[in-house]
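Q: Dock chain B against chain V, hints included.
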Amino acid sequence: MAGANPELERLAKQDYKYGFVTDIEEDRAPPGLTEDVVRLISSKKKEPEWLLEYRLKAFRRFREMLEDENAHPEWAKVVYPAIDYDAIVYYSAPKQQIKIDSLDDLDPELRATYDKLGISLLEQKRLNGIAVDAVFDSVSVATTFKAELETKGIIFCSFSEAVQKHPDLVRKYLGSVVPYSDNFFACLNAAVFSDGSFAYIPKGVRCPMELSTYFRINAAGTGQFERTLLVADDDSYVSYLEGCTAPQRDENQLHAAVVELVALDRAEIKYSTVQNWYPGNAEGVGGIYNFVTKRGACRGFRSKISWTQVETGSAITWKYPSCLLIGNESVGEFYSVAMTNNRQQADTGTKMIHIGRDTKSTIISKGISAGRGDQSYRGLVRIGPKATNARNYSQCDSLLMGDRCGAHTFPYLEARNPTATIEHEATTSKISDEQLFFCRQRGMNEEDAISMIVNGFCKEVLRELPMEFAVEAQNLLAVSLEGAVG
Amino acid sequence: MSENALIEIRNLHAMAGDTPILNGIDLELHAGEVHAIMGPNGSGKSTLSNVLVGKPGYEVTEGEVRFRGQDLLEMDPEIRAREGVFLAFQYPVEIPGVSNSHFLRSAVNAVREHRGEEDLDAIDFLSLLREKMKLVEMPEDMMSRAVNEGFSGGEKKRNEILQMLLLDPGFCILDETDSGLDIDALRIVANGVNQMRSPDRAMLVITHYQRLLEYIVPDHVHVLSGGRIVRSGGKDLALELEEKGYGWITDADAAQPPRTPKADSNAASAGS
Chain V
1 MAGANPELER LAKQDYKYGF VTDIEEDRAP PGLTEDVVRL ISSKKKEPEW LLEYRLKAFR
61 RFREMLEDEN AHPEWAKVVY PAIDYDAIVY YSAPKQQIKI DSLDDLDPEL RATYDKLGIS
121 LLEQKRLNGI AVDAVFDSVS VATTFKAELE TKGIIFCSFS EAVQKHPDLV RKYLGSVVPY
181 SDNFFACLNA AVFSDGSFAY IPKGVRCPME LSTYFRINAA GTGQFERTLL VADDDSYVSY
241 LEGCTAPQRD ENQLHAAVVE LVALDRAEIK YSTVQNWYPG NAEGVGGIYN FVTKRGACRG
301 FRSKISWTQV ETGSAITWKY PSCLLIGNES VGEFYSVAMT NNRQQADTGT KMIHIGRDTK
361 STIISKGISA GRGDQSYRGL VRIGPKATNA RNYSQCDSLL MGDRCGAHTF PYLEARNPTA
421 TIEHEATTSK ISDEQLFFCR QRGMNEEDAI SMIVNGFCKE VLRELPMEFA VEAQNLLAVS
481 LEGAVG
Chain B
1001 MSENALIEIR NLHAMAGDTP ILNGIDLELH AGEVHAIMGP NGSGKSTLSN VLVGKPGYEV
1061 TEGEVRFRGQ DLLEMDPEIR AREGVFLAFQ YPVEIPGVSN SHFLRSAVNA VREHRGEEDL
1121 DAIDFLSLLR EKMKLVEMPE DMMSRAVNEG FSGGEKKRNE ILQMLLLDPG FCILDETDSG
1181 LDIDALRIVA NGVNQMRSPD RAMLVITHYQ RLLEYIVPDH VHVLSGGRIV RSGGKDLALE
1241 LEEKGYGWIT DADAAQPPRT PKADSNAASA GS
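Just so you know, the protein sequences line up as chains V and B, in that order. When we follow the working numbering, the leftmost residue of the first sequence carries the number 1, and every step to the right adds one. When we follow the working numbering, the leftmost residue of the second sequence carries the number 1001, and every step to the right adds one.
Please keep in mind that the hints were generated in silico from the structure rather than gathered at the bench. Certain hints may be false.
[To be verified] Computed list of lysine-lysine pairs in DSS-like fashion (alpha-carbon distance at most 30 Å, straight line):
(1) V:459 to B:1132
(2) B:1235 to V:459
(3) V:172 to V:46
(4) V:165 to V:57
(5) V:459 to B:1244
(6) V:44 to V:165
(7) V:203 to V:44
(8) V:386 to V:172
(9) V:57 to V:459
(10) V:351 to V:172
(11) V:152 to V:57
(12) B:1055 to V:430
[What the hints assert, rightly or not] Each pair of labels, with its calculated beta carbon distance range:
(13) B:1219 to V:403: 44 to 50 Å
(14) V:282 to B:1091: 34 to 40 Å
(15) B:1122 to V:432: 27 to 33 Å
(16) B:1242 to V:424: 52 to 58 Å
(17) B:1187 to V:447: 36 to 42 Å
[Unchecked claim] Footprint (simulated), chain V over chain B, 3 or more residues, beta carbon under 8 Å:
(18) 1081–1093
(19) 1107–1117
(20) 1167–1181
Note that CB positions come from ideal geometry on N, CA and C, so glycine has one too.
In isolation and in its complexed conformation, chain V is listed as follows (with noise of 0.2 Å):
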């Protein structure tokens, strides 16, 4: 762990505005992925056998897929080192009990690092009114606004508190929409997934607040496994906010996140994520490998899934949040911003299945590449048989800045249904000298120009945000760009 004076140093340095890391005991499972450590975990969460059954059915085939080069997503366009899945930790807890009636009762030292990271509870509670689940390393360790979400009967907890409390919803809707085998990193997280947030909203039930989540890695080689399951029930509407930041260090860290939503009958999820986990520095050494499953499932007739994500961060991006349109009528969204700057890597993208008749999904994209980043949009759409009339429109922009950045689009189109209409348009262009002298001859610095002129590219996606995360992407975008002109 870091002590004040390197702390201090690389905040002066301010390479990432995010890069501390907190001194706190830890109970932490030896590295490696055995049968004893999936029992470990779920024997340490008082968890009910069938779950237990789940994880380890994960587990054995998780094994199977290390064996199979086959199992293992090659096809990305993104370059790594082998990872070495026996050197991870899979559980790490703060030791402290975490039982607290209220704020104060905090660890001063969890406390302070909530501080930097500009997440004061107080803060939020009263300023923002947003609930906050905050996850500090593996374990969820603070929930307010609950007693308000209670009387209209919403849930939302942990993961680990949903299991406990909730057992028959969290059995009937966990892996519903990924199933543990569906991908090598999904099938990971369901053997060690970690801690994470549910939320169920009933019937008829308008969240009255934005649910909102920050995570953040902390035990130093500790992978991070979070499991997300959110269902909105007949005739309800959420909105889901998800921002993440992480510690510096030079080692890789893995995340392989899972989230699954589930909307039935005229439902609406909102899904809106910040992702800036640590990029590693200008050389490509450290940063985080992000390599999650994000799906929703449209179950329900006319409900719909949104997804919104601004991805600054991380060394390797690997990520594609789709919707699965069953319930005729249905309607999925994604929009995203990505963003490569020095070494970065980004393969992303989404799929958007249409199953049932008159479904609907739009697909906005918006691709950022200087320095050496290197990214893909990757998109599948895909009409089936009994999709009569479903459409698709698809807009994939590529913004280069330099000339040793990529960007490269892969649509993927399968129409199986003749009444099908699939639109896709693809542009890519480049900042232009022109447009930077002339914000120059107006009095702005080419950052603030450069910034102006991304914030621009990205409008169509970062209105989509709600207002308090949208001025946050706006900051983060302009903060990724330091140092990517010149």
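A: What follows is chain B alone, placed relative to chain V:
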């Protein structure tokens, strides 16, 4: 040279790539004056304006430019802008996705910050914007549209003048602002420029044609040819050029041996 010139250009030589374009420009503008620079295509008019605002791609090989006594050529382009040097572009660029009002407010606040003034908040800015928009007869919906995107030629030029009105610069350069304008747009643009004429401000109006100068009447007219000022005079010089074309000056200039900058300025005053 007088001590209180707002801008002094002395023996300015500049190259674009490997090609010498400006070959010894001497020019002095005092506060309150409007100077016109005329000249045939390729005479160096746009290069002069680009060099004054510090556009990359040009190299000053000799000479100096002082603005309010400071070395202008030492300053970064954005510092020149904040100090009060403004160029109305011949071809204003489009910036997709960035609303005109956001762009204008960013520019205004960048300049205000440099002057040690408080940022204008959205409401104060809007009232300032409305007031200035009236002067260039700009419809309000142009503020919510992206910068210059889908604007007609006339709208783009009006937008340039609007920026000039908002930024309140001490030295304005108008680079062929009349090009591509119909007579109504020309009148509106000229009206905006005339509103800016003040005893505290100097303007350099670069134009190929005399037509603009009927609306913006200059105090002095200079003819640029081969990267030098070959003739200077009053506003009547523009009329003479309109009548006779540039040939009678530039041919005469070409026939003369190269002159020192000092001789050049003598010749220029002799020409009026």
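Q: Please verify whether residue 44 of chain V and residue 165 of chain V have alpha carbons no more than 30 Å apart.
A: OK: residue 44 of chain V and residue 165 of chain V at ~16 Å, within 30 Å.
Q: Does the hinted range 27 to 33 Å hold for residue 1122 of chain B and residue 432 of chain V at CB?
A: holds, 29 Å
Q: Are 3 or more residues of the stretch 1081–1093 of chain B near chain V, judged by a Cβ distance of less than 8 Å?
A: The restraint on the stretch 1081–1093 of chain B holds, since 7 of its residues have a Cβ under 8 Å from chain V and three suffice.
Q: Mind checking the hinted window 34 to 40 Å against the Cβ distance between residue 282 of chain V and residue 1091 of chain B?
A: holds, 36 Å
Q: Given the proposed pairing of residue 203 of chain V with residue 44 of chain V, does the C-alpha separation stay at or below 30 Å?
A: violated, 33 Å
Q: Do the alpha carbons of residue 351 of chain V and residue 172 of chain V lie within 30 Å of each other, as the hint requires?
A: holds, 24 Å
Q: Residue 172 of chain V and residue 46 of chain V: Cα distance at most 30 Å?
A: Status holds; Cα separation ~19 Å.
Q: Does the alpha-carbon distance linking residue 152 of chain V and residue 57 of chain V stay inside the 30 Å limit?
A: With a Cα-Cα distance of about 36 Å, the restraint between residue 152 of chain V and residue 57 of chain V is violated, given a limit of 30 Å.
Q: Assuming the hint says 44 to 50 Å, is it satisfied by the Cβ distance from residue 1219 of chain B to residue 403 of chain V or not?
A: holds, 47 Å
Q: Is 52 to 58 Å respected by the C-beta to C-beta distance linking residue 1242 of chain B and residue 424 of chain V?
A: holds, 55 Å
Q: Are the Cα atoms of residue 1235 of chain B and residue 459 of chain V separated by 30 Å or less?
A: violated, 48 Å
Q: Measure nothing beyond the straight line between the CA atoms of residue 165 of chain V and residue 57 of chain V; if it is 30 Å or shorter, mark the hint as holding.
A: holds, 23 Å
In summary, the numbered hints that this structure violates are 2, 5, 7, 9, 11, 20.
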